[in-house]
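The primary structure of each chain is shown beneath.
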Amino acid sequence: YPVKGRKTKQREETTAVVILECEDGRMLLVQRPKGGLLASLWEFPHIALTEESEEHWEKTVGGQVTELFGVLESDAASRTFIADVTHIFSHIRQTYRVYKIRVASERGVCWPERYQGGQWMTREQFLSSATSTAMKKVLKAVEAQEGKSKDKKSKKSSADQPSKKQKTISQFFSTVAKK
Amino acid sequence: YPVKGRKTKQREETTAVVILECEDGRMLLVQRPKGGLLASLWEFPHIALTEESEEHWEKTVGGQVTELFGVLESDAASRTFIADVTHIFSHIRQTYRVYKIRVASERGVCWPERYQGGQWMTREQFLSSATSTAMKKVLKAVEAQEGKSKDKKSKKSSADQPSKKQKTISQFFSTVAKK
Amino acid sequence: YPVKGRKTKQREETTAVVILECEDGRMLLVQRPKGGLLASLWEFPHIALTEESEEHWEKTVGGQVTELFGVLESDAASRTFIADVTHIFSHIRQTYRVYKIRVASERGVCWPERYQGGQWMTREQFLSSATSTAMKKVLKAVEAQEGKSKDKKSKKSSADQPSKKQKTISQFFSTVAKK
Amino acid sequence: MFEARLVKGSLLKNVLDAIKDLLKQASWDCADSGIQLQAMDSSHVSLVSVNLKAEGFDKYRCDRNLIMGMDLSSMSKILKCAANDDIITMKAQDNADTVTFMFESPNQEKVSDYEMKLMNLDQEHLGIPETQYACVVKMPSAEFARICRDLSNFGESICIACTKEGIKFYAAGDIGTANIKLAQTTSVDKEDAVIIDLQEPVTLTFSCHYLNMFIKATPLSQQVSLSMSPDVPLVVEYTIHDLGHIQYFLAPKIGENDS
Amino acid sequence: MFEARLVKGSLLKNVLDAIKDLLKQASWDCADSGIQLQAMDSSHVSLVSVNLKAEGFDKYRCDRNLIMGMDLSSMSKILKCAANDDIITMKAQDNADTVTFMFESPNQEKVSDYEMKLMNLDQEHLGIPETQYACVVKMPSAEFARICRDLSNFGESICIACTKEGIKFYAAGDIGTANIKLAQTTSVDKEDAVIIDLQEPVTLTFSCHYLNMFIKATPLSQQVSLSMSPDVPLVVEYTIHDLGHIQYFLAPKIGENDS
Amino acid sequence: MFEARLVKGSLLKNVLDAIKDLLKQASWDCADSGIQLQAMDSSHVSLVSVNLKAEGFDKYRCDRNLIMGMDLSSMSKILKCAANDDIITMKAQDNADTVTFMFESPNQEKVSDYEMKLMNLDQEHLGIPETQYACVVKMPSAEFARICRDLSNFGESICIACTKEGIKFYAAGDIGTANIKLAQTTSVDKEDAVIIDLQEPVTLTFSCHYLNMFIKATPLSQQVSLSMSPDVPLVVEYTIHDLGHIQYFLAPKIGENDS
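As you go down the protein sequences, you meet chains A, B, C, D, E and F in turn. Last residue of the first sequence: 179 in the working numbering, with the numbers rising by one and none dropped. Last residue of the second sequence: 179 in the working numbering, with the numbers rising by one and none dropped. Last residue of the third sequence: 179 in the working numbering, with the numbers rising by one and none dropped. Last residue of the fourth sequence: 259 in the working numbering, with the numbers rising by one and none dropped. Last residue of the fifth sequence: 259 in the working numbering, with the numbers rising by one and none dropped. Last residue of the sixth sequence: 259 in the working numbering, with the numbers rising by one and none dropped.
Calculated from the structure, these hints are not laboratory results. Take these hints with a grain of salt, some might be off.
Here are the in silico distance ranges between beta carbons for each label pair [as the list claims (entries may be wrong)]:
(1) E54(B) - T80(A): 39 to 45 angstroms
(2) S74(A) - M119(D): 27 to 33 angstroms
(3) E23(A) - A104(B): 55 to 61 angstroms
(4) E146(A) - T122(B): 33 to 39 angstroms
(5) D242(E) - K24(F): 49 to 55 angstroms
Every residue, glycine too, gets a C-beta built ideally from N, C-alpha and C.
If we strip away everything but chain A, and leave its shape as in the complex, we get:
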């Protein structure tokens, strides 16, 4: 009796997203490579969850955040799970497992080389940076969890930004060789 395979029109993926928050509340954002999907946009650190079993996910997050982003093990251990955030890209149903880690100090934190760079941003800086809708959802989930997303704020952003997305300047101008 052949086991019937699950038919999934949409591919499903799960990735961990980690909010690294430093002492003064700023969060680490890294900027994606210049090519490919979501080129040059800023995102929270991602940890690929390639393990089959969910049981290992926690361990993967703890290990990778230490290895790839230079977070101290003691800090990494104190992460809290925030929520699962789902976002649908054309053919992918992406689930983000959102974690938050307060790091005692920005020093020592790094990021993989494929990123164009990293920056500690305030909430406002993040919102006025070029970023994806998915990452904004992630921030909302964090704030909802923390009770920070006051009615006022959410009302504001809805009135103010009817899903307008900040572009980057490099989406318009291209690099040239210096004269």
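Following the hints, position chains B, C, D, E and F against chain A.
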């Protein structure tokens, strides 16, 4: 078989030095008497370590800091050892065992009468006060330990102050009876 | 043999008074109803201690502060007893058992409907509000306990306010129907 | 339809600066005769009353009485966007839940519209009895502001004593005591003078905290008037030239035994 | 040997004030024709381009092309030490790792030298295509600054809409909505006018955050020019009289569906 | 009975601004010849000496020598309550434990009294030897203030070098080095000139921290004089027109090996 005595051209001495830091980060400095070695210079509280055996030193520091400087026992217990700092005075090889204690409140802290006075100083106030090179070394050890002595700062002080020592005004003018 | 009743010209009463202090140090004050004794004055939350036995008082305070003022149970449990403050009203010898609770957040804190309102006040706002002498005594007890009532301050208030009481405007003007 | 147009728009900016620290929210009562606002501060120690006459506006129309509850800090933020020489117009429909502020530059080349949500506020109205005050002092508003500010450095309360000769302000605290005397001026050239109209001497004590809120109204008028009677709230009044006035009432501090 | 002398040294102070909040570090490209700087802010949303012509300097010499990477906040600290009427000279040797700023007082009695380390910056250069913009607006720079500041109180974005009649700025947030209209001026007296050169109407949305950085250039010029086309970065340009210009490019915010 | 009346009361306000950041408390020595104050800052690196001559006051009476210990920040708070054109009078009884400051407005319509508790301070008096300095520089006080402020951005110390040609100020730190040269002025029109009286060249290093305290005296005088000799404290002196002077002495920083 006679035991051979240690020959020490330089006398060796060990003294405990205690950084008392209050809530806002200022540190207690006390001003030495007007006469003698290092007259009128400001220094961190010293605790003489007269005991032979090192095992008793910890206890001495805890006890004396309470007795001589009015630190609460609970605060005194929470001291951390920072480092040993060595400084060579003409014929003495002086080792400072540096401890740090955060005191919950400045109130109640006092100092022995032989000092001219005491003052809670910021790092900057301390650096612009009349103090000895040895005490500056002690501060550097504390800051190195705390990762505060950023490259920038140390570069600065080396460029800026090629071992210039702040004199006190009383080294130039002497006290007179009031007319 | 008939038991002789205690003769008390002055009635004796004991009430719990709870200082709810939020993170930034402000305290909750509630405003009494417009009629009756001490009309419209601001006071710290009161908890009636109707139980006969003192053993039950602690439990009453913990329970009522949660129920009537919306304090979290975890916060309520961490209350500290400050002092008993006695104040004599015409025929009542009132004892206030003063407790203090630090609440993690102002959110969720509420008050019974009979009060005209509630407000988180700083020490200064409280002192310049219309309040009773009894409540000022309570604050003094708290500050004495916390070592805050520095000589300076107490000297000041005694010099400055020889038992002057701030009146409310509604003690002078009465509400009218809107035209 | 409600519409009120003020060519000298800076007056409205000044009115708001004069009340926004004392009141978070308040209702503006618009009627045929003009606009009124009355509210107590949150601790019920003082009362503010603003009165802007219909005739004071350059255009005024109020078809039906209207109560507009506003968040005053939002209103203040909007008015800060008006330049000092802008013409300001307030507009609202009869049953509207929003109010519109329109700012026009003098040369009409810049026109701004700001629309703000109204609020339903449940505010009580206090009746202020006609009172014959024992003593009414007129003095330069800047001098009064300076005295309140100076004495606040000395204590939490200011004691005001008024006699035929002059008015005295007294404060005491841990650094010492302060005592300021203003003599009645002989030459009575309107704005600058200290004029005392006295039935009987009065001495009262007030909280500095509130007086320092009231003096935010100083830009509205060169002169301020203080009205006092024993055991009765002080009235601090600023006239808004050709437009109306703003009055502050402040409950006194009274000794336990005097009351 | 590189040397550039500017009698009106305050211009250089102003240029630095105009870029130092947006850029932490940047490279000054010195060539025979003048000095140029181009850099993106750290979040890559905006681009700054400064152009100072050789002829604009009172003395200019650049023997070999030179790229001087500088920490702009250090450079700003140094320029703050120049008085507004000081003559400023920048100097560097051909392969130097330092630059020297010399300030001379007009009477030559005070001469200051500040030497600063240069940095090796790895910055990319973006090619900015020649564009025919759908709409170019010239307006007083102070008015533009005021509008950006005012509307920042209302929301995170400003929507700019330009038509034949005029230019409109719009923002919305939790306290309400704001709408500022500037009419095209009829009398075209250079500095003060609002002049619109329009091929087709344009409406675009921008982040307040960056606009508020750009308006730091206001002291450089009484006039600012805004160039816009649909779905293309805004250009905000300030002319530096007789010396060159500073241009800011800002990527728009575009609806998920429009892009 | 002690009484000192100063029609130009703002001078006393300025004197206090010049010393209150350096000294928390100090004793005023009142004698027949005038008022003197001498005190070291709490870290004993600098010494302040104030001298106000009896003849400089509009009325001066001091029946018995008097030492009045004061909390200078309280005294400063009180003097801030005096308007700039007020007449200031200090008064004390012979064995009093309080001092009274009286402020009179020029038109005599406002009179304020502030009474402050005196303190018993145990302060030592240093003898300052008559010294022939190797070099005395007079320069505009505003220029000196600006130089101290500018160089404080570069390092913790300022090195002052004086030669026949002029005076040089030098500082170094992590952002670079700074070097300011003032030439001796040829035209010697009193206030504005840089005048150098030199026996031998001197180079000394001082802490910025203290110099920045001294320049608080700038409003007192258009000119400042710097007196220096090798390995001896610097003297920074401001003349108070017709009334006296204020002198600051600052111990130098000396290399471990030079001393």
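* Of the numbered hints stated previously, which ones are contradicted by the structure, given in increasing order? -> 2 and 3
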